[in-house]
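Asks: So the sequences go chain by chain: A and B. Take the first sequence: its letter number 57 is residue 57 in the numbering used here, and every next letter is one higher. Take the second sequence: its letter number 19 is residue 19 in the numbering used here, and every next letter is one higher.
If you're looking for bench data, these hints aren't it; they were derived computationally from the structure. From a predicted model like this one, the values you see are computed outputs, not experimental measurements. There may be inaccurate statements among the hints.
[Stated by the list, open to error] With a Cα cut of at most 25 Å, we get these calculated DSS-like pairs of lysine-lysine:
{"hint": "1", "chain 1": "B", "residue 1": "K5", "chain 2": "A", "residue 2": "K8"}
{"hint": "2", "chain 1": "B", "residue 1": "K5", "chain 2": "A", "residue 2": "K4"}
{"hint": "3", "chain 1": "A", "residue 1": "K4", "chain 2": "B", "residue 2": "K4"}
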Amino acid sequence: MNMKRRPKLRPAAWDGAVVGLVLALAVGCGVLLRGNGGSGEMAVVSINGEEVDRFSLAESAGKREYLANGYVLVVAVSSEGVRVAEAGCPTQDCVHTGVISRSGQSIVCLPGRFILRLAGGTERGNGPDVDAVIG
Amino acid sequence: MRTKKLTACGLLTAVALALSYLENFFPLALAIPIPGIKLGLANIVTVFALYAMGAGPAFLVLAARCLLGAVFAGNMNALLFSLLGGFSAMLVMTALSRLRGLSLYGVSIGGAAAHSCGQIAAALLTLGSTAPMYYLPVLLAVSLFTGSLTGLVSACLFRGLVHVDLWKG
Ligand SMILES: [Zn+2]
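Based on the sequences and whatever the hints tell you, model everything.
Replies: See the structure below:
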């Protein structure tokens, strides 16, 4: 077969360097971004990139409604965590995500540009959180 | 010669679309609940086109796959994900394929990792939130497997085609 470039078909030693680099990136990002991996105590809701709500899971058992780009999303808070119980969006990915409970996890509704993220209890509204740095 | 290459591009686009569809059945959402994020099996086609035909045709096949994929799925939200993922992978693999020390495996793994980063970037842009970054480490770990699979499949393809002269006649 005449090729533009002739590839090496067997794994080579330098491939290990690529694997190492990807692993280092994964671990590095993990350490930087995942925090303590503890239980998420605060829920932060954003629509279109704007924070619209922030509540403590312990104090907010029950249901809350949001309107995200024309779709109604019903968020249910229980002792297990938080989930999107109902959504008017066409894809229903947000509903299928199910319950989340750990700090850092999030539920995304792409059609609604809706995101609910869990943060640890120590994270404050205007504290040094990643959103403030990049977003 | 020209017609053959054009036909090959069309065929490769069809294969890439089939692979994109196939990966919907893989339950990636269990680990990474961000709609729009895919494994990137269609990168197999990018690797093949890159080596067999060069960067130009590989670029065309990729663009056609992203656009047609979004049209068929009727989901324009997903277009940015496949564009940023696909083109990041393509750029990194084009660069890595020039390094003589790397095999198809190293090139594919680098491409899969770039695909992950590109898709997370699409999620950041679409949602205007950094929350999706949380899933980057898991996605990068997954890309080690996807990249190895891509390397394996394309190595098998090139081994099988070693006696076939694609552009003759
Ligand atoms: Zn939804």
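Asks: Each of the hints needs a verdict: does it hold here or not?
Replies: We went through each hint and held it up to the structure:
Between B/K5 and A/K8 the alpha-carbon distance is near 23 Å, which keeps this suggested pair within the 25 Å criterion. Restraint check for B/K5 and A/K4: the C-alpha separation of about 13 Å stays at or below 25 Å, so the hint holds. Restraint check: the Cα-Cα separation between A/K4 and B/K4 comes to about 15 Å, which is no more than 25 Å; the hinted pair holds.
Of the numbered hints given earlier, the model fails none.
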